[in-house]
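Visitor: Sequence:
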Amino acid sequence: MNVSLVELYGVGGTADYTDCLAQALADRGHDVSVITSSLFEPLRTPRYAVHRVFGYKSSQPRWLKAIELSAGLRRARAAVERARAQVVHAQGTVIPAVERRFYASLAGRARVCTAHDVTGHERRRVLGAYPPFYATFDALVCHSRSSAEQLQQALPGADITVMPHARYTPLVSSTVSRADARQRLGLSEDARVALMFGFLRPYKGLGVFLAALQRAAAADRRVVGLVAGRPLYDISAFRRAAARDHTPVRWDLRHIPRSEMHVQFAAADVVVLPYTDTSDSGLIELAAAFRRPVVVTRTGGLPEAFARYGAGAIVPPRDPAALARAIVRTAAAPPTRSLPGAPWSAVAAQTEALYERLLAMAGPDVSRGAA
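The numbering of the sequence shown is the numbering used here, which starts it at 1 and goes up by one.
It is possible that some hints are incorrect.
[To be verified] Computed list of lysine to any residue pairs in SDA-like fashion (alpha-carbon distance at most 25 Å, straight line): (1) 65 / 50; (2) 65 / 316; (3) 65 / 30; (4) 57 / 129; (5) 57 / 77; (6) 65 / 203; (7) 65 / 28; (8) 57 / 84; (9) 65 / 108; (10) 57 / 9; (11) 65 / 27; (12) 65 / 129; (13) 57 / 303; (14) 57 / 245; (15) 65 / 44; (16) 57 / 231; (17) 57 / 199; (18) 57 / 67; (19) 65 / 75; (20) 65 / 47; (21) 57 / 2; (22) 57 / 117; (23) 57 / 341; (24) 65 / 45; (25) 65 / 94; (26) 65 / 230; (27) 57 / 200; (28) 65 / 97; (29) 65 / 181; (30) 65 / 303; (31) 57 / 335; (32) 65 / 219; (33) 65 / 38; (34) 57 / 363; (35) 65 / 156; (36) 65 / 1; (37) 65 / 100.
[Stated by the list, open to error] Derived CB-CB ranges, DEER-like: (38) 307 / 180: 31 to 37 Å; (39) 353 / 180: 23 to 29 Å; (40) 149 / 349: 22 to 28 Å.
No lab work stands behind these hints: they were computed from the structure.
No residue lacks a Cβ here, since even glycine has one placed at the ideal position from N, Cα and C.
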């Protein structure tokens, strides 16, 4: 089967997901190509083709990115045609209003989209609405029943399959001792380290995390927070307040590449997701791969992901007191042993079954591949 996966950010969790899924589909014998941005770097030598059609820099203004994306989508169309793709599988969206036209033009192929986010976290009219974008596809994939139900309400009658996120074991490519990791990061050996990891966005609850750290440190003076990731909005007010209030927090405000993330996780006692609102998050699967317990909020599909592992605690959103108690309790617990979780081979098999169903419905012309 000829499959083109489209992921246009090139960095972050969705890019990691695309890489892992592409490798697993290729391992099942499919001819896979990934259509992506100039920032995309596979975890290892890929068994699939990579087409970097969209060049951009994070510092560029949004209007310039939109122009670059439009040009990139023309190159993406050519890449899909060269691959003779029977299936085009989108992994989220950068600018729905622009990309919707691209996927609509691919009629004659099975079109699938994994809805990593059911709605945009920061609503910007210029980017376009998510439901009309998702309506373009023949089938949709969600990582939780919660997200599927939310999407079904927006698109009654949509073909939606729930596929739980696989554990991010492939990303654990390096190891380091806890002592060495803490030495590198300037953390004491006896600290209780609560890690907030990944791109910082308003919905991820940085303010709630900092307020919880204040309360947690009052209960256990060894508690310290580690915020590791690049801010995608202005967090200077949070930093000033943390300094003023003597909040026990260390900052590592940059994109943490795959080659370094093992250091932050090795140093951590607990990984915290204080999200105020979300659909799903692969960070729980990443923490499980590094055998770290999590404290997550009861929002979106997070409770379903937490239930797969059960290591840590789940608390209400926007509740610093409950979050603080959970951080203190979880950080003091014995180290977590290897955790269960779906392997990528299982997700690839389920994805393959979806592709086959769509191709069978589409008829022989699509099943043989587009000319």
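Visitor: Against the earlier hints, flag every one the structure doesn't satisfy and list their numbers going up.
Guide: 2, 3, 7, 8, 9, 11, 13, 14, 15, 20, 21, 23, 24, 29, 30, 31, 32, 34, 35, 36, 39
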